[in-house]
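A.B. asks: Line by line, the protein sequences are chains A and B.
Residue numbers for the first sequence follow our numbering, so the first one is 214 and each next one is one higher.
Residue numbers for the second sequence follow our numbering, so the first one is 1153 and each next one is one higher.
These aren't lab readings, by the way, just hints derived from the structure by calculation.
Worth double-checking, as some hints may not be accurate.
Quick list of the computed label-pair ranges, beta carbon to beta carbon [said to hold, decoys possible]: (1) B:His1254 <-> A:Val341: 44 to 54 Å; (2) A:Ser336 <-> B:Ala1347: 19 to 29 Å; (3) B:Arg1288 <-> A:Ser432: 24 to 34 Å; (4) A:Met425 <-> B:Leu1256: 55 to 65 Å; (5) B:Val1363 <-> A:Asn251: 41 to 51 Å; (6) A:Lys306 <-> B:Ala1347: 29 to 39 Å; (7) B:Arg1312 <-> A:Lys312: 17 to 27 Å; (8) B:Arg1312 <-> A:Asn290: 47 to 57 Å; (9) B:Ser1195 <-> A:Glu358: 16 to 26 Å; (10) A:Met242 <-> B:Gly1369: 36 to 46 Å.
For each residue, glycine too, the CB sits at the ideal point set by N, CA and C.
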Amino acid sequence: MKFRGKIIDIACLNHFTRVVTTISKLTKMCVLRLTPDNLFFVLSGKVANGGVSMWCELSQANFFDEYQMEGVSSEDNEICLEVTPENLSRALKTVQNAKAVKVKLTKKHCPCLTIAAELPTLSSVSRVVTHDVPVDVIPRRLWHEFKEPSMPDFDVSIYLPPLKTMKNIVDRMKNLSNFLSRDPESLVEARVDIRRLQQFLVGQQVNPSKAMCNIVHQSVLHLILLHEDMSLQYFIPAVA
Amino acid sequence: MHCIVTGGNVKVLAKAVHSLSRIGDELYVEPQEDGLALRSVNSSRSAYACFLFAPLFFSRCRLHSVQSVFRSLTTLEKTVEKCHIDLDKQKDRLTFTLHCKHGLLKTHNLSFQDSESLQAVFDKDSYANVFRAQPRLLVDTVVHFPPSLEEVTVSVSDERMWVRNHVEEEAEASKAMLTELCLASDEFDHFAAQAHNSVTFCLKELRGLLVFAESTGLPVSMYLDEPGSPVVLSVTDSVLEGNFVLATLSDDPSLRKNSTHKTAPPPPDDFMNDDMDSFLIAMDTSIAPGPSNTGPPPPSLSDDTQEEETDDLDRLPNKKVCLRFLRKDGGVLTVLSKNTPYVCRVASEQTTETSGTKACTLKQIFN
Chain A
214 MKFRGKIIDI ACLNHFTRVV TTISKLTKMC VLRLTPDNLF FVLSGKVANG GVSMWCELSQ
274 ANFFDEYQME GVSSEDNEIC LEVTPENLSR ALKTVQNAKA VKVKLTKKHC PCLTIAAELP
334 TLSSVSRVVT HDVPVDVIPR RLWHEFKEPS MPDFDVSIYL PPLKTMKNIV DRMKNLSNFL
394 SRDPESLVEA RVDIRRLQQF LVGQQVNPSK AMCNIVHQSV LHLILLHEDM SLQYFIPAVA
Chain B
1153 MHCIVTGGNV KVLAKAVHSL SRIGDELYVE PQEDGLALRS VNSSRSAYAC FLFAPLFFSR
1213 CRLHSVQSVF RSLTTLEKTV EKCHIDLDKQ KDRLTFTLHC KHGLLKTHNL SFQDSESLQA
1273 VFDKDSYANV FRAQPRLLVD TVVHFPPSLE EVTVSVSDER MWVRNHVEEE AEASKAMLTE
1333 LCLASDEFDH FAAQAHNSVT FCLKELRGLL VFAESTGLPV SMYLDEPGSP VVLSVTDSVL
1393 EGNFVLATLS DDPSLRKNST HKTAPPPPDD FMNDDMDSFL IAMDTSIAPG PSNTGPPPPS
1453 LSDDTQEEET DDLDRLPNKK VCLRFLRKDG GVLTVLSKNT PYVCRVASEQ TTETSGTKAC
1513 TLKQIFN
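Bound-form chain A, shown alone (with noise of 0.2 Å):
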């Protein structure tokens, strides 16, 4: 297995340290997929985490200059880490006037995705900066838990207000009650822990062109935000 991918455009470091940041702060812990095409960063809906599920794809040509993978094997040319997407955003926040910002899977005293990055100086030798963030990684028997989701049959679609605006709405709402029901008015709802939205428009960091919400009536609210080159799906399951 190796992975070796490198940014050197500064607003393309830029971007992919406000996605890692947004991941960051929806959970704290996230299957990272590699791909030779993109970069998924997954979050199985489990018990643990309220039900709560995340499928956040990106293209890699969009952010990395230099990218080269080599999956489990031929067949499965994939790789697959268990990741704490806080760790990778502090590394990359730190390194963001970067010259250039190199991150490979590596083994150090256990296996890490190392983030390193060369910072401009004013001698004539670059200071070099490396963060080893330790990963677990997943065996290929479990990777079918992460696999993309299914659009679900939703009832109702709706493009969403600026999400600036709702999470204003919804801050204020937070006061008022423990969940909050979508759509009152039509018979479709789906009544949601209010903590959870809340989570989710907050740790927004990236300004989506579409933003999108489907409800299955009583029982799902699929949130899903678009961007030219990122997309970011949210399900929050519907309290009885």
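The hints should help you fit chain B onto chain A, whose structure is shown.
C.D. replies: Quick look at chain B alone, frame taken from chain A:
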């Protein structure tokens, strides 16, 4: 004692006090012949800082040989034009009068208590490794580490300095994020590494100095020696000298195994209470206290010396080696740091004074 500080120097004084407050809760004020010394030390006695203000710093200065200690929590004051510092021995009062803009006068009266002088013993000029850099370099280095990070390890070679976070072996080392930064020698104003050492010390306490240095623009000098010797960071200009002394981990592998220590009596509550009869732990008594000897013996690379030190330090329950403090009677008071603040005393012939025990009130000076 009566001093007046004017103009921009008030801010410098405030910043110095601010940076000292990040080390410890108490401020030691000591008028000396060569100026006014402000010192602070943390509760585990593993970090010490001292700012010495030359008489030139003050517009007017009359000093008595009085020592005092008081508590102060400080924040920067931006509207102060002048600051008068008055010490009234009879009423046991230290008064800070701040003359502010628009004719506003703020007077802070603080009670103080006599204490013995606090002066760490170190001899940075004997250290093997000396560096000097603009504060920006150190600030840019420290930013890569999380604010909560306890300890960093600094390693040097002829041309490079590495700074990385230190992770306790016993803790979940496998899950901790490791960060390492490499600095080249030509990023420093001065880089002299005679001994390729690695020392580990607390990063948090360093930040106080960096804030001060960055705001005053003074270059920071760093003195590194072998593990166990404190690392010293200084800022100097014509009217002040600030020294931050931080204890370092002694990475002698045999020390790590000695985690149980049952023979020593419990540590005293009051560090300043000099009426300690019990002789607690025998420290490295080969260093005779004296007026001219102000520091640990120069590092020796021979194996024999290291083994001797191991014997003496064998009974240390903790691997962090102490800072040495000079008592006013000339005896050396040595304190162990970090988790077990044992206090130890090298035998001194002279009798000691009991410390005064006046009430001490908390006042906010620069707010």
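A.B. asks: Determine for every hint whether it applies to the structure shown.
C.D. replies: These are the hints, each one checked on the structure:
1. A hinted range of 44 to 54 Å for the beta carbons of B:His1254 and A:Val341 is consistent with their spacing of about 52 Å.
2. The supplied range of 19 to 29 Å is met by A:Ser336 and B:Ala1347, whose beta-carbon atoms lie about 23 Å from each other.
3. In this structure, B:Arg1288 and A:Ser432 break the distance hint of 24 to 34 Å, their C-beta atoms being roughly 56 Å apart.
4. Separated by about 58 Å at the C-beta atoms, A:Met425 and B:Leu1256 satisfy the suggested range of 55 to 65 Å.
5. Between B:Val1363 and A:Asn251 the beta carbon distance is about 44 Å. The supplied range of 41 to 51 Å therefore holds.
6. Between A:Lys306 and B:Ala1347 the Cβ separation comes to about 35 Å, which falls inside the hinted range of 29 to 39 Å.
7. Evaluation of the 17 to 27 Å hint for B:Arg1312 and A:Lys312 yields a pass: the beta carbon distance comes to about 19 Å.
8. Between B:Arg1312 and A:Asn290, the C-beta spacing of about 39 Å breaks the proposed range 47 to 57 Å.
9. Distance hint check for B:Ser1195 and A:Glu358: the Cβ-Cβ separation is about 49 Å, which falls outside the suggested range of 16 to 26 Å.
10. Our hint of 36 to 46 Å for A:Met242 and B:Gly1369 holds, since their Cβ atoms are close to 44 Å apart.
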